[in-house]
Amino acid sequence: MKHVNKFLAKTTFAFLAAGTLGASLSAFAVDPNPLLPVVVKIKPEHVFIPPGFDSNDNAQLVVTGALRNTCYKQGATTARVDEASKKIFITQEAFKYNSAWCAELMADYVKTVDLGVVKEGKYQVLVNDGEDKPVAMGIMNIADNKAPEPDSNTYAPVEEVVITNKDGKRELTIRGTLQSRCTKLDQIKILERAPGVIEVLPITDLKDGMRCSREKVEFDQTVALPDVSGPTLVHIRSLSGGSVNRVIDL
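Using this note's numbering, you'd call the opening residue of the sequence shown number 1 and step up by one each time.
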């Protein structure tokens, strides 16, 4: 009987000790390091939807917003395209730091979101409101591509963009380097096909079949921007298949 009691006592102690150790390890595992930031979800203020993407393009959206104070830093922006339901889900994250003092200085952010190649159709764009609830922000139209080429025009390789205010008018200067002397920046086409978006197409005179030796030629050209009101995306297409994006509030 004594042996049985000793066995029960040892077993009970081991069980309690294991439970205490497990609870301690569990608490330690979930206890956040106060020196590291916490990843939180935040709701973007605007989602700009540039038009003109076909079903063989890398479609893009532009997300903007503001971080509330100096304890928040910009995190990842993720996108999920559901081609079956024709919906695009955007989630914006931020790093929240455990600082003793946070200055009330808001910091704007602008993120270009690559969606990849998206099937033809009209897609509802939704953002995470910060509490895992979707909020509708607009409609993105993806046209059916009619040719194997990525673009109907050959764009210049834009490296730098400057927007200035001159005599109450906004001007856009684009700079870059062409890789051949037998082509040049032919025109900068300005389009307004969607609310809150100014499209800038820096078109070269490169034609199909042209063969030229490589030689770097810099370009620098300025154009006037149209008068618009409210937050506006200036969406500049570039040779790489991407874009350069700036948000202004005229």
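No wet-lab data here; the hints were simulated from the structure. In this text, all values refer to a predicted model and were calculated from it rather than measured experimentally. In this text, a Cβ means the ideal position worked out from N, Cα and C, and glycines have one as well. It cannot be assumed that every hint is accurate.
What the hints assert, rightly or not - Simulated restraints, written as ranges between beta carbons of each label pair:
1. S85 - Q187: 33 to 41 Å
2. S55 - Q187: 20 to 28 Å
3. E45 - A100: 46 to 54 Å
4. T164 - E45: 37 to 45 Å
5. F95 - R193: 18 to 26 Å
6. P148 - P51: 17 to 25 Å
7. E104 - D186: 19 to 27 Å
As the list claims (entries may be wrong) - For lysine-lysine, the following DSS-like pairs were computed, each having C-alpha atoms within a straight-line distance of at most 30 Å:
8. K122 - K133
9. K119 - K146
10. K169 - K96
11. K169 - K111
12. K133 - K43
13. K169 - K133
14. K122 - K169
15. K96 - K122
16. K86 - K43
17. K166 - K133
Going through the hints against the structure:
| no. | hint | verdict |
| --- | --- | --- |
| 1 | S85 - Q187: 33 to 41 Å | holds (40 Å) |
| 2 | S55 - Q187: 20 to 28 Å | holds (26 Å) |
| 3 | E45 - A100: 46 to 54 Å | violated (28 Å) |
| 4 | T164 - E45: 37 to 45 Å | violated (24 Å) |
| 5 | F95 - R193: 18 to 26 Å | violated (36 Å) |
| 6 | P148 - P51: 17 to 25 Å | holds (21 Å) |
| 7 | E104 - D186: 19 to 27 Å | violated (48 Å) |
| 8 | K122 - K133 | holds (21 Å) |
| 9 | K119 - K146 | holds (13 Å) |
| 10 | K169 - K96 | violated (39 Å) |
| 11 | K169 - K111 | holds (26 Å) |
| 12 | K133 - K43 | holds (10 Å) |
| 13 | K169 - K133 | violated (40 Å) |
| 14 | K122 - K169 | violated (35 Å) |
| 15 | K96 - K122 | violated (35 Å) |
| 16 | K86 - K43 | holds (21 Å) |
| 17 | K166 - K133 | violated (43 Å) |
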